[in-house]
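Residue numbers (my numbering), protein chains in the order written: chain A, 1 to 76; chain B, 77 to 998.
Because the hints were derived from the structure by calculation, they are not lab data.
Treat the hints with care, since some could be wrong.
Unchecked claim - Here are some chain B residues pointing at chain A (derived, C-beta under 8 Å):
id, residue
1, T403
2, I411
3, A413
4, V589
5, F600
The beta-carbon is built from N, C-alpha and C at its ideal position, and this holds for glycine as well.
Chain by chain, the residues:
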Amino acid sequence: MEKKLGIYSVLASLATSIVIMLLFYILAMQKVSANPAEYKSVDVYAGMVYVFILSMIVSASIWPGIIEKRLKKPRF
Amino acid sequence: MEDAIIKIKGMMCSHCEKTIYDAVMSVNGVTKASANFKKGEVKVSFDTSITDLETIKKAIASTGYEVIEEGEACPVPIKPAVIRYEAKDRGKDGGLKKTSIKITGMTCASCAQNIEKALGKIEGVVKASVNFSFEKASIEYDSAQVAPAAFENAITSLGYGVAKNEITLKIGGMHCASCASNIEKALLNTRGITSANVSFPLEQAKMVYDPEVIQISEIKKVIEGVGYTASEKTGKTDADREQRAREEEIKRQKINFIIALALAIPISLGDMGRNLGWGFVPEIFKNDYLLFILATIVMLFPGRQFFEGTYRGLKHGMTDMNLLIATGTGAAYIISAAATFLDLGEAYKHTYYDTAALLIMFIVLGRYLEALTKGKTSEAIRKLMGLAAKTARIVVNGEEKEIPVEDVKVNDIVVVRPGEKIPVDGRVVDGLTAIDESMITGESIPVEKTAGSEVIGATMNKTGMIKFQATKVGADTALSQIIKLVEDAQTRKAPIQKLADIVAGHFILAVHVLALLTFFFWFFIGYEYFDVPTTFRIMGEMATPTSPFLFSLLISITVLIISCPCAVGLATPIAIMVGTGKGAENGILIKGGEVLEKAQKLDTIVFDKTGTLTKGEPALTDVIAVKGTENEVLRAAAIAEKGSEHPLGEAILKGAKDRGIDVPDAEEFTALPGRGVEVKYGGKKVLIGTRKLMTEYGMDITPHSGRLLELEHEGKTAMLVALDNEIAGIIAVADTLKENSAEAVRELHNMGFSVAMITGDNRRTADAIAKQVGIDRVLSEVLPEDKAAEIKKLQAEGKKVAMVGDGINDAPALVQSDVGIAIGSGTDVAIESAQIVLIKNDVRDVAKSIRLSRLTLSKIKQNLFWAFFYNTVGIPIAAGILYPFTSPPFLLNPALAAAAMAASSVTVTMNTLLMKRIKLQR
Chain A
1 MEKKLGIYSV LASLATSIVI MLLFYILAMQ KVSANPAEYK SVDVYAGMVY VFILSMIVSA
61 SIWPGIIEKR LKKPRF
Chain B
77 MEDAIIKIKG MMCSHCEKTI YDAVMSVNGV TKASANFKKG EVKVSFDTSI TDLETIKKAI
137 ASTGYEVIEE GEACPVPIKP AVIRYEAKDR GKDGGLKKTS IKITGMTCAS CAQNIEKALG
197 KIEGVVKASV NFSFEKASIE YDSAQVAPAA FENAITSLGY GVAKNEITLK IGGMHCASCA
257 SNIEKALLNT RGITSANVSF PLEQAKMVYD PEVIQISEIK KVIEGVGYTA SEKTGKTDAD
317 REQRAREEEI KRQKINFIIA LALAIPISLG DMGRNLGWGF VPEIFKNDYL LFILATIVML
377 FPGRQFFEGT YRGLKHGMTD MNLLIATGTG AAYIISAAAT FLDLGEAYKH TYYDTAALLI
437 MFIVLGRYLE ALTKGKTSEA IRKLMGLAAK TARIVVNGEE KEIPVEDVKV NDIVVVRPGE
497 KIPVDGRVVD GLTAIDESMI TGESIPVEKT AGSEVIGATM NKTGMIKFQA TKVGADTALS
557 QIIKLVEDAQ TRKAPIQKLA DIVAGHFILA VHVLALLTFF FWFFIGYEYF DVPTTFRIMG
617 EMATPTSPFL FSLLISITVL IISCPCAVGL ATPIAIMVGT GKGAENGILI KGGEVLEKAQ
677 KLDTIVFDKT GTLTKGEPAL TDVIAVKGTE NEVLRAAAIA EKGSEHPLGE AILKGAKDRG
737 IDVPDAEEFT ALPGRGVEVK YGGKKVLIGT RKLMTEYGMD ITPHSGRLLE LEHEGKTAML
797 VALDNEIAGI IAVADTLKEN SAEAVRELHN MGFSVAMITG DNRRTADAIA KQVGIDRVLS
857 EVLPEDKAAE IKKLQAEGKK VAMVGDGIND APALVQSDVG IAIGSGTDVA IESAQIVLIK
917 NDVRDVAKSI RLSRLTLSKI KQNLFWAFFY NTVGIPIAAG ILYPFTSPPF LLNPALAAAA
977 MAASSVTVTM NTLLMKRIKL QR
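Next comes chain A alone, as it looks inside the complex (with noise of 0.2 Å):
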């Protein structure tokens, strides 16, 4: 249980925080399509990674409780 645990909370955690990094390229890109003089693509993906380092942070904090509860409730 402990080995699906761990595979299903990274696997969940990357997908959040690729969708959370993807939805922030989008945003972002809109801004630099809006506004070029002050937003470039290198604040775009540098932002990408960073935000990808934090929401990686934040749902890997959150995730292995939830997956976990679900794993042990029973299936009467």
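Could you slot chain B onto chain A? The hints should help.
For chain B alone, kept in the frame of chain A given last:
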């Protein structure tokens, strides 16, 4: 009316007595009841026209105890293990779990059935079976509905015990309150561990575990599995080891700080010099590659601990303070390195090596100061541990032999010379000396000791050489017990800490969410909306153009850095540690944080009379001569009482000796039970006794009745003395007040308490004593077994009651009261039952202990206020909340945020340490 004795199975303690007493008294028609757990019975007086024995038995059975019918064997009560449950009543995680509990006190198969039934009734229990032969309960339960602590409560409430082992492990590698919370979570999720309490300041984990389910080595693995170290405490050497570990930590952080400081100065000069165009900074310092090398050294050496800690935590799915620091400093370092080696455009020419280096420097400084101050908070325990003597000189075959103190056995004869420490507890068999007991009792005046006197280990022999017989050695000595009590108190959490624990437990996650939201806000909204580039160009603060990413990143980093879960997590335990330590230094032992909170709400203090307010032994108070002089009357009385073993007689004899009166033996002695004594001396008949005795001998006592009544109104026992059938005088004896009782009561009155006295004495005597000390309320003619009921009555009036007592008979009342305070000279049972123990035999310490509780709780509140205030104000400021409202716009520098963060936990510690300076006397 009818009296009956009902035998009961399963009563184990005074709590059981109280449960049975309450159940019996709740039956209409029962006029009186007294339960005795030692005898396993309850005595009941009831009105047969209203109720019958069967109804009373049913009431007892409804509490879970079993009534033994005549002829049935009575179980032998086995003392249950004392367990305190810290686990929450309800589980969190959910899912079916299995656990087994070792039970003590079962005597037959029906005991097993009772327990099984009780366990089965608990909501969330799927299956419970109790095996009588193995003395074991196996329980399958839904952890979302119930926690193992509930099973143990159910078992103990039935009067059985749960065999559990308690262990305290030293924990290494904790850096903040989140670490403690991580370890606690990991332990509580481990099968076989019922409760776990991890103290960050003490660096200890205390847990109750089932040795049949989990071994100590496995517990250590659990702790090591989440990235910390665990080792067993080994008694005496702990003090030295802790000291060494603390010194090593101080040294490590000092070196880290020196390196960080030495490098942060040139990095800051170079980075800021280039960005702000400082001409006095040599060009070499402004070189990006040199700055990169210097910053890398900072990250690799002083900063490595944060990254290692983060890695250890993340590996086990745990987050702590290190993660916040690593994310903040790592982001500043990586973006600067990228700007150094990659061409990211004009806006990315700016580097933040100074931010990374200063962050690490300030945080390491904080850790260094914290290590320094943390040592001071546990000083009390270290001092206590350091008091113990290392060696003892014992008499073996008539010769003195020096041996390590651990090798002293009970009954060994120990020799102690002037200036030496008493190695263990014992009783003096030879010699006369004065012993300084201040280190244990706080009493500054040396106490005289002669043959028969008790001596306490770790106290200092001052004047003479003594030989004493060891009575308590090793872990049983008073010092060891005190250390254990204080350590237990320091690891036990106060209810107020729950809030802090919840906050600290989710703090890191919440801060990362805030940092992410802050980043999003400034990147997408704030940067454009507040026209950041223009504002900064006008301010002329930025030599190079900024970018939305860098701007948002710096603010986000500041949020991560300024947040300080340490201050929140430290606020309560550190105050309890210093408070209980200060108490121990003053001879006041407070058993945990919960007591501190309860002590705040008290409004009534109830004193037991005998032995608490009074000395507990009668003394001669008055001699009134009717014929001859006072000394002649006293001499006659003393001669008469010399052969008597009655306490009143002993008091008269002692009174005479104290006045220097020679008391020869009487020629004939006749005890007249219930009336007095008749002796012959020097051809004269001497009588001492009651009015009745004198009347029997044909004497007229009417002229003396007024004086006798007067003395009796003062709570004294008055006796008439007659010589050759003529009244010669009156002698009065009374249990005298302790020197400080009146002052203690006065002090409590001044503090706003209502003070009551509880005693078995008659109303007149009790009132007399109460009047002398100034007590407002007297609960007289209370039988020992009814003391708890009287406390309950006061509580029913809405009063919050503290009971102060010393005897075995006070134990139920001490348990019943909101805060039980035992006088240290009292019995072990009283000390066990109480929540505060006053080591000195001084009732003035009651006020002191309450003052200490108030002081400690106020420190906890101050600390929590500052910790929450700091974070709730600091985080929004770091997130740039002042930016739109200030001109020029205000943004917090990340380095300043790091300094503030370091200062916050140091401030909490320093504020708590101020307690040490406050005197507990008025």
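T403(B) as an interface hint toward chain A, with CB separation required under 8 Å
7 Å, holds
So, as I understand it, the hint says I411(B) touches chain A; can you test that by seeing if any CB pair is closer than 8 Å?
7 Å, holds
Hint A413(B) vs chain A: min CB-CB distance below 8 Å?
Violated - the Cβ of A413(B) stays beyond 8 Å from chain A, reaching only about 12 Å at its closest.
Does the nearest C-beta of chain A fall within a distance shorter than 8 Å of the C-beta of F600(B)?
Holds. Min distance 6 Å.
Have a go at the V589(B) hint: is there a Cβ in chain A nearer than 8 Å to its own Cβ?
6 Å, holds
Taken one by one, the earlier hints fail for this structure only at number 3.
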